[in-house]
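Since each chain sits alone in its own frame, please combine them into the complex, following the hints.
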Amino acid sequence: MVRLEPRRQHSQAMVYLSPVLAILMTLVVGGIIFAFMGKNPFDALYTFFILPISNSYGISELFVKATPLVIIAVGLAMGFRANVWNIGAEGQLTMGAIFGGGLALYFYDSESMFLLPGMLILGALGGAFWGAIPALLRTRFNANEILTSLMLTYVATLFLSFLVHGPWRNPEGFNFPESRPFPDAGLLPVIYDGTRVHLGTALAVFVVIAGWLLLSKSVIGFQLRVVGKAPQAARHVGFRQKRMVWFTLLLGGGLAGLAGLFEVAGPIGQLQPSISPGYGFTAIIVAFLGRLHPVGILFGGLIMALTYLGGELAQITLGLPNAVTGLFQGILLFFLLACDVLTKYRIRFGSTAAKGRTA
Amino acid sequence: MEWIVPFILTVITASTPLLLAASGELITEKAGVLNLGVEGMMLVGAIAGFAVTASSGSAILGIVAAVVAGVFMSLIFAFLTLTLMANQVATGLALTIFGVGFSALVGSGFVGFAIDPLPSLSIPGISAIPVIGPILFGQDFLVYLSISVVFGIGWFLTKSRAGLVLKAVGDSHSSAHAIGYSVIKIRYLATMFGGGMAGLAGAYLSLSYTPMWAENMTAGRGWIALALVVFATWRPGRLMAGAYMFGLISVMQLHAQGAGIHVPSQFMSMLPYLATVIVLVIISSDRAKIRLNAPACIGQAFRPAQ
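Which chain is which? The protein sequence lines are R and G, in order. The first sequence maps to residues 1 to 359 in our numbering. The second sequence maps to residues 1 to 306 in our numbering.
Keep in mind that the hints were calculated from the coordinates and are not lab data. Among the hints, erroneous ones may be present.
To be verified - In silico DSBU-like pairs for lysine-lysine, Cα to Cα no more than 35 angstroms straight-line:
hint, chain 1, residue 1, chain 2, residue 2
1, G, K159, R, K229
2, G, K167, R, K229
3, G, K185, G, K289
4, G, K185, R, K344
5, G, K289, R, K242
6, R, K242, G, K159
Predicted, not measured: the structure shown is a model, and the values here were computed from it.
Chain G with its partners taken away, still in its complex shape (with noise of 0.2 angstroms):
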């Protein structure tokens, strides 16, 4: 049983990256905002995160780079949509298309670089029990960070006041808008929130999860986490579900060829993405729970009247 703890190690690793990315889109989401562009975001996160990580030698640097950088690039979006009133899918795709490019582009002088990974935590004593040591006590900060950021959502949605006033802008624009709050700001806002998570993300596969910067190194993650957000049909304790689940297919391959399975190696990298059309094929086809718990204006331009 001794392969047990770096398997789950492994898990948790493959999950993170997905939840952090996930946790900004279901704001976005849940704002009215379908934002597409979560693979581009998180490729200019993670080059953003390695680039600064490897010239200035301080990760802290690097994560803040990431966050900006996934901003930045939520900004781009919320203008072409929020502003000009661009349709939000083909601003998203552009995106991720204009994030693959910029990202390789900036990345071409980086590759092949080394760096050394996040620290993990480390207490002295604690982080060395056998099993629960490593797994609870020896991750990074950015899991910590990312199961954080799920709770914190679960709250903001559910007990806050600016919560509730998100949740009303997705829900009606312009019942919203009447009762007088700015749907656009918040928009706005939740469309940040999203960006500065998927850099985040980047930056996780970057910095940790392998740390070295690779062309395309998202390999459709961030597409996966579109997904999850529709899995957890918008609620974050599910989302969090989702991610581990998640995780858990994309390491399997990794520990299959261990166990002697002997499948070729693309049919074993197949698994997430036929997972992700399997998952969403089980989740969409309960019509009543999407139409229950999807934002009901989301991917609708709002125009405010004069």
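So here's chain R without its partners, still in its complex pose (with noise of 0.2 angstroms):
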């Protein structure tokens, strides 16, 4: 029989061990669903994981994607420390793209200068308001954060839907559900010539840097390290947890919000139907990839970005459907969650060990 036995403390070790552990499994099993599926495993693997990085313009790409999901999972990180369960960064991103996005709109032959920073300010105040109403229907009213921040995101996209085929449809362009183009003064500039990689992705690592910082040098960032760990010793000094859950909600929305004005100012350039591959959902899983900690969650953004360029070279030469990403992340994060058991018990085998002990 096996058994789980508690460690007296966390094994650091595993820490950082049972990302890598996870990795492998989801390789192992994704193999063997590929071979499922009537494709050579090893193949469909190295289409998926080792093909799309295998060129100059593969590994840029795989910035461009990592950007949104990095600066996302900072924030989102934050707040699963301290058990604040903000899983609406899909609406929030949204919501900071048509703030942010609406400015470009409204001041659209504009050559100012100032246009692009005023949409990154926009933008983050946007996802910071759809991030302050889960915040204050949990401080206010109690209302479960989980389960408010998911019904937002169905109403922030419903409304990003609502404006690109009603009032902010392109006049000059044929009827199709989507916005003027943004003026020049109002997109990213791309900051390696020959590929898309946009000054948000510098900020990216401005945002890791800063969020690193906050956490192991700010008062808030203590408190941040405490509530996870030990939420009966944090509530015994009167760390608040109304400020926690404002202060993690309003970071991880404004966060959200300026990854979606990056992607609607970069990449895509316009608003449109759908601005997001499920980037707010995907940085979940991010955070937790990333050990909810910032200089992780870097690492965890590349390897999730990676499954997107893969899931779509894979849809296109080997005609596996899209849906093949979405299927590794959910696997990837399993595993994750199994592995983390590693860190608080050994396994033991046989029912006798125990014996001899009093516990």
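Here you go:
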């Protein structure tokens, strides 16, 4: 019989090892799934995970896809540490794109250098506003933020759909449900010629560093770490849970809004009914894969970005449905959660091991 | 007034999947387990039901497959959270992400397939009675099943011994364990019931509500079902009232256009989601009521002392 025996201390080695273990197990299961679908598992895994980054353009695309994931996940991780479960980042991303993008559409013939900074600020504010609603409902009315933040995602997506089908539709766009293209002054500059790597990617690195400093050096970062590890102790020393809820939801929402604006002012360049292939949800996995730590999230974001690229490539070259990406992401999170058991418990075989010790 | 019968019929069909999924989750939560993967389990149930029905031609086989698929999904959740003691919130999210991807992958081969919807009850003479006939005696059997399940779990939780044990496990797992009940086993069973009901709810969507498969066809209904359980303060009777209220709200958008109300369709589509938020706020703000009715150990891992 297999038993779990608690470790005296969390295993630091397993904290770093378990994501690696989870990725390896996902690859094995992925190979089996490909084999079931009648594909050569090695070819398929190669197409999925190696081929997309075998040339420099592929690597640049990896950074483009990782940008929103990393930015959003840094914000979400702060909340998850404090047991604030914001799962509505997709909606906050959409609201950021609407707020920031709205400015670009209002000044659609502007050449002002202030347009882009204004969009950035409005994008972050839009996301933070959408995050503030679950924060208010949780702190004032005790309503579960998991459900409210998710419901608001549907509302935000429908609102964007209304805008691009109605008042914000491009008058010269042959009735397609999309906005005018943003003016040049409202587009993020590409920072590496010949690629789509934009200013937002550089800012993502800045977000990681700022998040790291916040977590390791600031008072609120200290509180976040304590609340996560010892909620009762935190309550005893008087950390205010409400402040934590507000802080993490505003920060998470603001960063998601910024990421949304980066998408529409970067790779997309206008508002469309669909502006994200689920970055807000994938960022949840990125946060866990990165051990809820900004630096870990940087790596986690790159890995999850690879699943998007691999999924697109596998669709083109192997004819696999795009849904494989989501499947991989779900399986990875399962294994990650399962492997995390090893940080807290030792696996013991045989039921007699506990004899001679009293619990 | 000839619109009223079709209107009530669409309300019933829109409410049934919510009622099925929420009844299952109610039992799961009563045992102290919070499974946020309802949406994922529903989607996998929907595609399993549709795929098997479309391939075999038998709706009964399809429904069985949907229940089995839902139970299987819930077992993944149960193994991770109950055996390996993983975080329930994170695992539930993983279950939904997995379910969305898995159902879309399996379903990609079934887009555009057509099947016959589930047959409705037809009692010669009686089902033809105006108004009452089609509403009371003209539904498919899953509708009757969903209502029976509500009465069944109402009886189970208040009158049966097993129901009392289930509640004890949800309210104080250490006491239940001390008395000698197997907390983990009971939680496994309660989680599996929730999974089976979610699978059934998914099958209702893909076999009866809209007899077809579309990616993400649950459109948040699994999450609304979760909110319904809170709205019902974990009581089956209120669950039914809540499910039918949400059914009503979600079909209003279909009938608003016909009634000459010209609000952009996107705003009408927002209604169920906004209603969920509002309802959650109203119920949750009464903290005492929530504390009184919520299973005390909900979401907490249990590890029996050695």
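For each hint, the structure was consulted:
no., hint, in the structure
1, K159(G) / K229(R), "41 angstroms, violated"
2, K167(G) / K229(R), "29 angstroms, holds"
3, K185(G) / K289(G), "29 angstroms, holds"
4, K185(G) / K344(R), "22 angstroms, holds"
5, K289(G) / K242(R), "21 angstroms, holds"
6, K242(R) / K159(G), "40 angstroms, violated"
Consistency with the previously given hints fails for numbers 1, 6, ordered from lowest to highest.
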